[in-house]
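Q: Residue numbers (this note's numbering): 93 to 585.
Worth flagging that the hints you see were computed from the coordinates, not collected in a lab.
Mixed in with the good hints there might be a few duds.
BS3-like mimics (lysine-lysine), calculated; alpha carbons at most 30 angstroms apart, straight line [said to hold, decoys possible]:
1. LYS299 to LYS310
2. LYS110 to LYS474
3. LYS327 to LYS209
4. LYS565 to LYS379
5. LYS209 to LYS299
6. LYS124 to LYS299
7. LYS124 to LYS159
Pair ranges (Cβ atoms, derived) [as the list claims (entries may be wrong)]:
8. ALA571 to GLY178: 42 to 52 angstroms
9. GLN94 to THR193: 42 to 52 angstroms
10. TYR304 to PRO101: 47 to 57 angstroms
11. PRO101 to LYS544: 18 to 28 angstroms
12. VAL117 to SER434: 50 to 60 angstroms
13. PRO342 to ILE238: 42 to 52 angstroms
14. ASN404 to GLY178: 24 to 34 angstroms
15. THR193 to TYR304: 38 to 48 angstroms
16. GLU551 to THR184: 13 to 23 angstroms
17. LYS564 to PRO470: 46 to 56 angstroms
We treat Cβ as the ideally placed atom computed from N, Cα and C, and that holds for glycine.
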Amino acid sequence: MQTFLKIHPDDKVAVALKPLSAGDVLTVDGIKITLLEDIPQGHKFALCPLDENEPIIKYGSPIGVTKTAIQPGGWIHTHNMKTGLGDLLSYTYTPQISPLTPTEERYFQGFRRSDGKVGVRNEIWIIPTVGCVNNIATAIERKSQIYKKGTIDDIAAFPHPYGCSQMGDDQEHTRQILADLINHPNAGGVLVLGLGCENSNIGELKKYIGSYDENRVKFLVCQESENEIEDALNKITELAEYASNFHREPISCSELIIGMKCGGSDGLSGITANPTVGHFSDLLISKGGTTILTEVPEMFGAETLLMNRCDNEELFEKTVSLINDFKNYFTRHNQTIYENPSPGNKKGGISTLEDKSMGCTQKSGSAPVKGVLSYGEPVCQKGLNLLSAPGNDLVASTALAASGAHIVLFTTGRGTPFASPVPTVKISSNTPLYEHKKNWIDFNCGSLVNGKPLSELGEELFDYVIAVASGKKVKSEEAGFHDMAIFKQGVTL
93 MQTFLKIHPD
103 DKVAVALKPL
113 SAGDVLTVDG
123 IKITLLEDIP
133 QGHKFALCPL
143 DENEPIIKYG
153 SPIGVTKTAI
163 QPGGWIHTHN
173 MKTGLGDLLS
183 YTYTPQISPL
193 TPTEERYFQG
203 FRRSDGKVGV
213 RNEIWIIPTV
223 GCVNNIATAI
233 ERKSQIYKKG
243 TIDDIAAFPH
253 PYGCSQMGDD
263 QEHTRQILAD
273 LINHPNAGGV
283 LVLGLGCENS
293 NIGELKKYIG
303 SYDENRVKFL
313 VCQESENEIE
323 DALNKITELA
333 EYASNFHREP
343 ISCSELIIGM
353 KCGGSDGLSG
363 ITANPTVGHF
373 SDLLISKGGT
383 TILTEVPEMF
393 GAETLLMNRC
403 DNEELFEKTV
413 SLINDFKNYF
423 TRHNQTIYEN
433 PSPGNKKGGI
443 STLEDKSMGC
453 TQKSGSAPVK
463 GVLSYGEPVC
473 QKGLNLLSAP
483 GNDLVASTAL
493 AASGAHIVLF
503 TTGRGTPFAS
513 PVPTVKISSN
523 TPLYEHKKNW
533 IDFNCGSLVN
543 GKPLSELGEE
553 LFDYVIAVAS
563 GKKVKSEEAG
573 FHDMAIFKQG
583 VTL
């Protein structure tokens with residue numbers, strides 16, 4: 093088994109692929125290095141002498157600067173390195189675009205909707221317009237399970253605390269996300285559950301939903317109903333009758349939309365799980381499909397790599413705005429832009445935001461950027477898209493679903509049980525996590541450490557995603573989990 097990895101020829105550090113001990117002698121590029129300290133798995137050690145305030149190079153790029161001088165074999169982490177990032181930056185478009193070569197067509201078994209859209213699930217969704225009716229929504233979900241029949245995969249409610257006492261863009265974003273979910277093709281039927289007096293009432297929300305199939309979308313205002321649960325169940329009966337008429341059929345994976353997100357990373361995430369997702373992304377795009385990358389704060393420090401892959405200067409300018417708008421969001425709330433990474437990230441070996449970002453952006457593969465989306469904006473360009481959303485796992489995954497993702501690929505080095513409105517594939521960066529939390533983790537990328545080729549593992553992930561798109565349940569679905577979270581950005585009245 094390989095015990096360490098120098099990722100890029102220009103790197104000044106290597107990463108421990110297993111726990112290493114002080115006194116171990118390693119040969120790197122023909123040079124023997126004696127470790128001066130114990131190096132935990134996923135953590136970095138110096139390959140050459142580093143002076144104080146010297147850039148630390150990993151992935152071939154700076155991931156921070158030293159606080160003190162560091163000798164070869166020394167452990168490098170938050171105690172002796174810091175971020176090298178500043179605040180707002182100026183950028184220059186320097187195109188580095190490598191179009192992908194088309195590859196052989198693949199198909200999955202999906203649901204073709206009456207409007208031509210495609211779903212990978214045939215579920216009935218109960219969507220509250222406002223948090224006041226959350227308990228009613230969950231009660232309806234509980235009582236509705238008897239109506240699951242035929243091809244209906246599940247009946248699920250999506251409670252949330254918003255929909256009223258919001259102002260400006262904050263309220264607009266809530267309405268847009270709710271409308272996006274109502275229109276999502278993974279739902280064969282939708283019950284929109286309102287209270288009646290809320291800001292985002294059903295009448296207002298219909299303006300965002302646009303045209304809809306009255307057989308597929310039903311509305312209920314609780315204040316106007318004598319027995320809202322009984323009335324809701326009657327509507328669920330109608331929705332179940334309609335949705336059960338849909339059946340799986342072969343659909344080109346060129347119509348598949350996959351969201352990409354990571355959370356709870358470790359030092360192996362950027363070496364195993366994220367590059368595997370990047371290989372998957374390139375493979376899907378080469379077959380005409382679409383991927384969406386989000387969590388903008390975790391692009392900070394690696395944003396120029398994405399900017400220079402933009403297909404044209406207009407997309408470059410949109411990406412600049414994507415980055416700077418999020419930095420302004422931080423400073424507008426008097427918060428430090430580069431506060432990330434989290435305690436779990438640091439424990440796993442991530443030392444700075446640049447360190448995390450360089451690993452996170454591996455999920456984008458090498459494809460050109462074809463679209464840049466605002467929060468809540470539905471995807472319309474095939475290929476790689478960038479989406480404005482924060483790093484928070486539930487908020488970002490919901491945003492991916494709202495923009496049209498059929499499935500979310502979620503890489504992790506720490507593990508998490510959460511779900512999202514769409515099937516959420518948990519991908520571990522290391523084998524111990526996969527073995528320890530098999531009730532959470534769907535796919536293991538730790539085998540890369542043992543020498544499995546990235547291309548082979550990427551193909552295996554592609555096959556797994558096709559299976560999920562064709563009906564295979566992921567672990568969170570087997571557990572009956574459905575989550576959603578909206579990005580709260582403004583004043584609460």
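Q: All the hints need checking, so say for each whether the structure fits it.
A: Hints, one by one, checked against the model:
no.: 1; hint: LYS299 to LYS310; result: holds (15 angstroms)
no.: 2; hint: LYS110 to LYS474; result: violated (39 angstroms)
no.: 3; hint: LYS327 to LYS209; result: holds (23 angstroms)
no.: 4; hint: LYS565 to LYS379; result: holds (24 angstroms)
no.: 5; hint: LYS209 to LYS299; result: holds (20 angstroms)
no.: 6; hint: LYS124 to LYS299; result: violated (67 angstroms)
no.: 7; hint: LYS124 to LYS159; result: holds (25 angstroms)
no.: 8; hint: ALA571 to GLY178: 42 to 52 angstroms; result: holds (43 angstroms)
no.: 9; hint: GLN94 to THR193: 42 to 52 angstroms; result: violated (30 angstroms)
no.: 10; hint: TYR304 to PRO101: 47 to 57 angstroms; result: holds (55 angstroms)
no.: 11; hint: PRO101 to LYS544: 18 to 28 angstroms; result: holds (22 angstroms)
no.: 12; hint: VAL117 to SER434: 50 to 60 angstroms; result: violated (34 angstroms)
no.: 13; hint: PRO342 to ILE238: 42 to 52 angstroms; result: violated (31 angstroms)
no.: 14; hint: ASN404 to GLY178: 24 to 34 angstroms; result: holds (27 angstroms)
no.: 15; hint: THR193 to TYR304: 38 to 48 angstroms; result: holds (40 angstroms)
no.: 16; hint: GLU551 to THR184: 13 to 23 angstroms; result: violated (37 angstroms)
no.: 17; hint: LYS564 to PRO470: 46 to 56 angstroms; result: violated (26 angstroms)
Violation of the numbered hints given earlier is confined to hints 2, 6, 9, 12, 13, 16, 17; the remaining hints are satisfied by the structure.
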